[in-house]
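Undergrad: Here are the chains, one letter per residue:
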Amino acid sequence: MSDHEDDNSHAGYHDTDHQSAYVYIPSNAVANEPTRPSKRRKIGKQKSSDEQPGDPTTLEFDALLNGKETSEWIQRRHELYVRAWSHTESQIQSILDEANEDTLQDVTKFVQESSQERFDQTETIPSGFIITGPNIASQGLLFDQLSARLRAEIHGPAVILRSGDAPNLKAVLKRVIRDATNQKNNLEDDDEISSGLGGRKLLNYDLEVLHTFVRAQGSQAVIVAFQDSEAFDTSLITDLIALFSSWSDRIPFVLLFGIATSLDLFQERLPRIASKSLRGTQFDVEQTSSLVERMFKKILAGGNAPLRLSPSLVASLVERQQEHAQSVQSFTAALKYSYMCHFFADALSILTPVLGASPSLDHLQPEHYEAVRMLPSFKSHIKSLVETQDLDRVVDLLEDDTILLDELEACLSNKPVLHLLRTMSVISISLPDPVSSIDLYMATFDGTLRDSDFVDRILESTKRMAPDELVSFLQRICGVVQDGSSEMDLDGWADEDEEFLAEIISFQSQASDLANEASKTGKPIRSSYAIRSQGLRTTVIAQRVQLSYEDSTLSQQDKQYTTLVDKLNDRLKNYFDIGSPQEIFLHEVWLYDSMLPYREVFTPKPRATIERALSAPYDYLKCECCESVEGLSSTHPATAILYQMYLETCSLINVFDLWSAFFEMVSGGDEQKMEERDALVLFYSALADLKSLGMIKPSKKKADHLAKTTWKGL
Amino acid sequence: MAVLFSLPNEVMLNALCAQFPCRDQQIRSLATLLSVRAAPCRNLVLHGLAATGKSSIAKTVLEYLSKRQTNGYANGSTQHDDDELRYAVIKSAECIGGRHLFEQTISTVSKVIGRSENVGRCENLAQLAVELSKLVENWTASEQDSRQRLVLVFDGIDRQRDAPPTLLPALARLVEIVPNLTTIFIVTSPRPNFLHLPGVPHLEFPAYTKPELLQILALTEPSPVLPQGTKETKDVWTRYSSAIWDSLSKHSGRDILSFRSVCLRLWPRFIRPILDGTLNPSPFSRLMVANRSLFQNDSILVPALVSNPQSTALVPQSQSQSNLQGIAIQLPHISRLLLVASYLASYNPPRTDSTFFMKAALAKRRKKGGGTALSRKPGTAKSRKIARKLLGPQAFVLERMLAIFLAIEEDAGKRKGKAALNGSADVLMAVTTLASLRLLVRMGGPNQDVLDVGTKYKIAIGWEVIRGVARSVGVEVEDYLAD
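Line by line, the protein sequences are chains A and B.
In this text, residue positions in the first sequence follow the UniProt record's numbering: the first is 1, and each later residue adds one.
In this text, residue positions in the second sequence follow the UniProt record's numbering: the first is 1, and each later residue adds one.
Hints may be right or wrong, so weigh each one.
FRET-style restraints, in silico, Cβ to Cβ [unchecked claim]:
1. B:Gly120 / A:Ala216: 17 to 27 Å
2. A:Glu676 / B:Trp463: 50 to 60 Å
3. A:Pro167 / B:Ala163: 16 to 26 Å
4. A:His78 / B:Pro350: 23 to 33 Å
5. B:Ala93 / A:Met340: 25 to 35 Å
6. B:Thr432 / A:Asp284: 39 to 49 Å
Pairs of lysine-lysine, DSS-like flavour, derived with a Cα cap of 25 Å [said to hold, decoys possible]:
7. A:Lys573 / A:Lys415
8. A:Lys697 / B:Lys456
9. B:Lys458 / A:Lys700
10. A:Lys605 / B:Lys250
11. A:Lys673 / A:Lys700
12. A:Lys702 / B:Lys456
13. A:Lys701 / A:Lys691
14. B:Lys111 / B:Lys67
15. A:Lys520 / A:Lys605
16. A:Lys415 / A:Lys379
17. B:Lys91 / A:Lys170
18. A:Lys712 / B:Lys359
19. A:Lys701 / A:Lys673
20. A:Lys708 / B:Lys456
21. A:Lys605 / A:Lys523
22. A:Lys559 / A:Lys463
23. B:Lys458 / A:Lys697
24. A:Lys712 / B:Lys456
25. A:Lys567 / A:Lys523
26. B:Lys134 / A:Lys708
27. A:Lys174 / B:Lys91
28. A:Lys712 / B:Lys389
29. B:Lys458 / A:Lys701
30. B:Lys111 / A:Lys708
31. A:Lys712 / A:Lys697
32. A:Lys701 / B:Lys210
33. A:Lys691 / A:Lys712
34. A:Lys622 / A:Lys673
35. B:Lys389 / B:Lys458
36. A:Lys700 / B:Lys385
37. B:Lys210 / B:Lys250
38. B:Lys134 / B:Lys91
39. A:Lys605 / A:Lys691
40. A:Lys559 / A:Lys520
None of these hints come from the bench; they were simulated from the model.
All C-beta atoms in this analysis are idealised placements derived from N, C-alpha and C, irrespective of residue type, glycine included.
Turn these sequences into a full structure, and let the hints guide you.
TA: Encoded structure:
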């Protein structure tokens, strides 16, 4: 044991004993350190030496391809990542800004109006209740935007209170006053306020300060916003409301409450006297689910998206949204992490088509070509070439790097993805009722679109349409093809898909001709699918009723129309028959498909991990002495042995029993592999480990017993 | 030579009584007890329920008295001009803590007296007494030959936050140290001898009776006037307010303010038939019958946070129901299940857990119709049992709730093939979120270690809500609830 530790333990305990958490420094590390702490003035130098590795020549990413990747390409990956993510992030930010725009406008208007009608009613404070939904994380963003907006448009201070920084009334008032008065003035002006009162200094939680400030500034309203109202102590809010309403004849208070649950639950908690002095208006915020959907359309299904996620990853993201978090922030974080992983860990990510980045593939390393040849999509590409007996090309691709480079450059266009997305937007526009674009995306990128429910529903619905409906339906499709979809960043693609467009237009003109004819004759036209094909016929012969089926008679127009609909259906079916993105050559470059990093980072299971480590240490240690089976073994670490014994106990544990069992196990019965004192040390340290993990605690119920506090598997 | 004793000015009193009807006696007593030349007392306690006019009458009387009284005595002696009464009102509702009250007192007094410079800090009662007597002595010394009086009004002093224990007796004894001082305490209901001083005059402001209330309310002008004219309006208003009193306000919200606000809120709906032209104001009983739903619906008495006068009474139940449904839909799936589990943990006694949540017991319970292990023969219970639901939620440890959660999660059974939830950080995060939404209440104060396994929680929502939440995740709470 080093001198350092002796110094500390002379009083019988470490100074760390009373801290709930501290950094553990192993004793050998301590021994290597100089006994004296380093002098303070040296720190400045140390810092500069620390900063040196951060200079621009070093690379943020590691070298891939077995370390043979040149720095140029590493740099390029990083650049691409920065560019791609900043593009996506700006899109996310604009969507978020848009989303809260309505609420912000409403609230601002409310505050302006309330400051005008203030003196109509006495002693009631105008208050806005902003129903944000149960996702607390998004409240922060909303209230930041809100305060920025209010400060810009309302003449008067706006203060945002969070439950965390509001332990008691005095602290809240101090904060309100400080935030309110510091917003427009700097420190010198602050002094002026107190001196303006005849030299008398006011307590810093006295609302008189605020009053003076408001009078001096001529403020329109003083906005106090409670960001997470539920988390505040109810008595604190009640006190504040009473205080504010008492002052409301002098200070024009406006309160804003962010409510995560519902107004009724909030009102139930407030005492009558507090709710009496509030005069409220309710505001609703766009719910997270619709927001995520909008972001999804733009960022994953958008035409300019640099990277797309595979359906399975999207499925797990969406599942987590629904079951746990429901927050835009976690969605964004997961997205960002996917980008990071893609560009960090995939050497071929240099080929990712990022908007605005010029692809220059001139100096690809031989390793890059090697990596391309390892791709599953390359293999399937080769396979299909072999099947078409294009063997020369196969050999060229496998052996000649320059030919592979040509092939790469040819395949790098965004075209195949665009085709998928366009089909997707056509489907979403032609579906009879709106569907979640996330489901549609998953079907599209799974390659199961042609057999999916969506296509079936479209085809089913076209069969039953009247000619007028059909015309407008086709018009919608034409509209999408010509103008594109702004939600998904798609421009019109009429030039590239002239054939389809022409066909659709010809269908449309035929249908409208039929419709015109029908309106002239006054007989409605329907396809044979829309009419029940067989009618039931009742005849009475000799006082007996006979039922017989007979085919409904179709007019000439009906028949024409039916064949038109059939043709259209065939064409649409053909159009919707798109391949899976997994079949496209080089799809790995723009389709990120790896679940493991996401799972590990975003859904940690700390408790399950600790329990597994203790009950099956072999899984982590991989040592030779243990077997891979669960259960007790004397070769396990002491804590693991004790934990497994602990699992078998009931809620009160006799320490002596535990010790004897432990000693039996460690010493191996009669063999006496270990001294009793050594075993005791192990036992104590193991017990301390369990205690620090919160698994046992001393019990008052019985002497010499420990209380068991955790159960495995919860 | 000045008159030693004179009653307060009658003109002033009449004006006051007109301003505050039904408070003649209180106004007269107050004026007598405060005016400099009548019978100024040293301490005075005004007490009465909320909204009986204590503060506003005291303030108005003082305002009248503090005016230089020249008009009334123009033909009499002129020495009264030298009488000077000044007053300072300190609202306890605006003072946080005792020290704030003292500071507030000193600064108001110095403002009133007009000597705002060089007043020191005032941190406790002793300093208050010293500073106050200094101020008053300075003030009285400047004008020697007149009678001067300072009135301190402590409004709502019984509701003072963080008051030092000796606050009231000490304030009452200020008058012994400071000359020419009157202290008025405005309280709701004084405890006997709460000033520890005998012989302090008490002035009661009783709650208004029905005729008084109606008389006062008759002065209010209802906002949409009837097309028939002001006289009809007044007539209908009087009868209408009487009817409102008998049906609604008599039983709840008896004070003038809530009575008036209820009357004003219901008035537009009450006269809607007249405005529509379907009914005439003259047979009042017909109006009553047409509007009887107004008088039967007492939800108007509950102050609504969001005021929309159209829908408050017409849609009494359904809206609140849908709002409560709202959180059931908004919360994520796992959070809802956690809420249900917390409810079960709060309302089930721990010893029944094995019956309800263990797999081995499941088949047995279903077969025998539930709760067999608990049912006893009648008469064997030692004490009368109160239904658990009525006793309110009990605290539970997190560990137990998680066990119940996993059990019902398996039963809800919608997660085929999804990742297991055991020990996941997401679940614990959901628990924390619920706690900060106060749907779960963490017991043991703010200093409780959150990471301690022994930390106890309690559910904070009731049966009606939880049933909706449980159904939304496919769990029937009754199946798991003991008795």
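Undergrad: Indicate, hint by hint, whether the structure satisfies it.
TA: Tested hints:
A hinted range of 17 to 27 Å holds for the C-beta pair B:Gly120 and A:Ala216, which are about 25 Å apart. Distance hint for A:Glu676 and B:Trp463: a CB-CB separation of about 58 Å, consistent with the stated range 50 to 60 Å. Taking 16 to 26 Å as the suggested C-beta distance range, the pair A:Pro167 and B:Ala163 conforms, at roughly 20 Å. With their beta carbons about 57 Å apart, A:His78 and B:Pro350 fall outside the hinted range of 23 to 33 Å.
Remark: the range hint 25 to 35 Å for B:Ala93 to A:Met340 is contradicted by a beta-carbon distance near 55 Å. For B:Thr432 and A:Asp284, the hinted distance range of 39 to 49 Å is not satisfied, since their beta carbons lie about 25 Å from each other. A threshold of 25 Å between alpha carbons decides the hint, and for A:Lys573 with A:Lys415 the separation of about 21 Å falls inside it, so the pair holds. The straight-line distance between the Cα atoms of A:Lys697 and B:Lys456 is roughly 16 Å, inside the 25 Å bound, and the hint therefore holds.
The hinted pair formed by B:Lys458 and A:Lys700 meets the criterion: a straight-line CA distance of about 24 Å does not exceed 25 Å. Distance hint between A:Lys605 and B:Lys250 is unfulfilled; the C-alpha atoms sit about 60 Å from each other, more than 25 Å. Between A:Lys673 and A:Lys700 the CA atoms are separated by roughly 35 Å; this puts the pair beyond 25 Å, and the hint is violated. A distance of roughly 22 Å separates the Cα atoms of A:Lys702 and B:Lys456; the hinted pair therefore holds under the 25 Å criterion.
At most 25 Å may separate the alpha-carbon atoms for a hinted pair to count; A:Lys701 and A:Lys691 meet this at roughly 18 Å. This hinted pair checks out: B:Lys111 and B:Lys67 have alpha carbons roughly 17 Å apart, not beyond 25 Å. For the given pair, A:Lys520 sits about 71 Å from A:Lys605 by alpha-carbon distance, which is inconsistent with the 25 Å threshold. For the proposed pair A:Lys415 and A:Lys379, the alpha carbon gap of about 21 Å is at most 25 Å, so the pair holds.
Pair hint B:Lys91 plus A:Lys170 holds up; C-alpha atoms about 17 Å apart against a cutoff of 25 Å. At roughly 17 Å between alpha-carbon atoms, A:Lys712 and B:Lys359 fall within 25 Å of each other, so this suggested pair holds. For the suggested pair A:Lys701 and A:Lys673, the alpha carbons sit about 36 Å apart, so the restraint of at most 25 Å is broken. For a cut-off of 25 Å, the pair hint linking A:Lys708 to B:Lys456 stands: about 16 Å separates their Cα positions.
Simply put, A:Lys605 and A:Lys523 have alpha-carbon atoms about 68 Å apart, too far for the 25 Å limit, and the pair is violated. The straight-line distance between the Cα atoms of A:Lys559 and A:Lys463 is roughly 13 Å, inside the 25 Å bound, and the hint therefore holds. Restraint check for B:Lys458 and A:Lys697: satisfied, since their Cα atoms lie roughly 22 Å apart, inside the 25 Å limit. This hinted pair checks out: A:Lys712 and B:Lys456 have alpha carbons roughly 19 Å apart, not beyond 25 Å.
In summary, the hint linking A:Lys567 to A:Lys523 is supported, as the alpha carbons are separated by about 23 Å, within the 25 Å threshold. Annotation: proposed proximity of B:Lys134 to A:Lys708 is violated, straight-line Cα distance about 67 Å (limit 25 Å). Straight-line distance between C-alpha atoms of A:Lys174 and B:Lys91 comes to about 20 Å, which keeps the hinted pair within the 25 Å bound. This hinted pair does not check out: A:Lys712 and B:Lys389 have alpha carbons roughly 31 Å apart, beyond 25 Å.
A hinted pair counts as satisfied when its Cα atoms are at most 25 Å apart, and B:Lys458 with A:Lys701 qualifies at roughly 24 Å. Of the pairs offered as hints, the one joining B:Lys111 and A:Lys708 is violated, with about 66 Å between alpha carbons and a cut-off of 25 Å exceeded. Of the supplied pair hints, the one linking A:Lys712 and A:Lys697 holds, its CA atoms being roughly 16 Å apart against a limit of 25 Å. At roughly 62 Å between alpha-carbon atoms, A:Lys701 and B:Lys210 are farther apart than 25 Å, so this suggested pair is violated.
Proximity of A:Lys691 to A:Lys712 is assessed by CA-CA distance (about 15 Å); at most 25 Å being required, the pair is judged to hold. For the hint linking A:Lys622 to A:Lys673, the alpha-carbon distance of about 23 Å falls within 25 Å, and the restraint holds. The straight-line distance between the Cα atoms of B:Lys389 and B:Lys458 is roughly 14 Å, inside the 25 Å bound, and the hint therefore holds. Restraint check: the Cα-Cα separation between A:Lys700 and B:Lys385 comes to about 30 Å, which exceeds 25 Å; the hinted pair is violated.
At most 25 Å may separate the alpha-carbon atoms for a hinted pair to count; B:Lys210 and B:Lys250 meet this at roughly 9 Å. Annotation: proposed proximity of B:Lys134 to B:Lys91 holds, straight-line Cα distance about 23 Å (limit 25 Å). A C-alpha spacing of about 20 Å is found between A:Lys605 and A:Lys691, which places the hinted pair at or below 25 Å, so the restraint holds. About 18 Å separates the Cα atoms of A:Lys559 and A:Lys520, which keeps this hinted pair within 25 Å; it holds.
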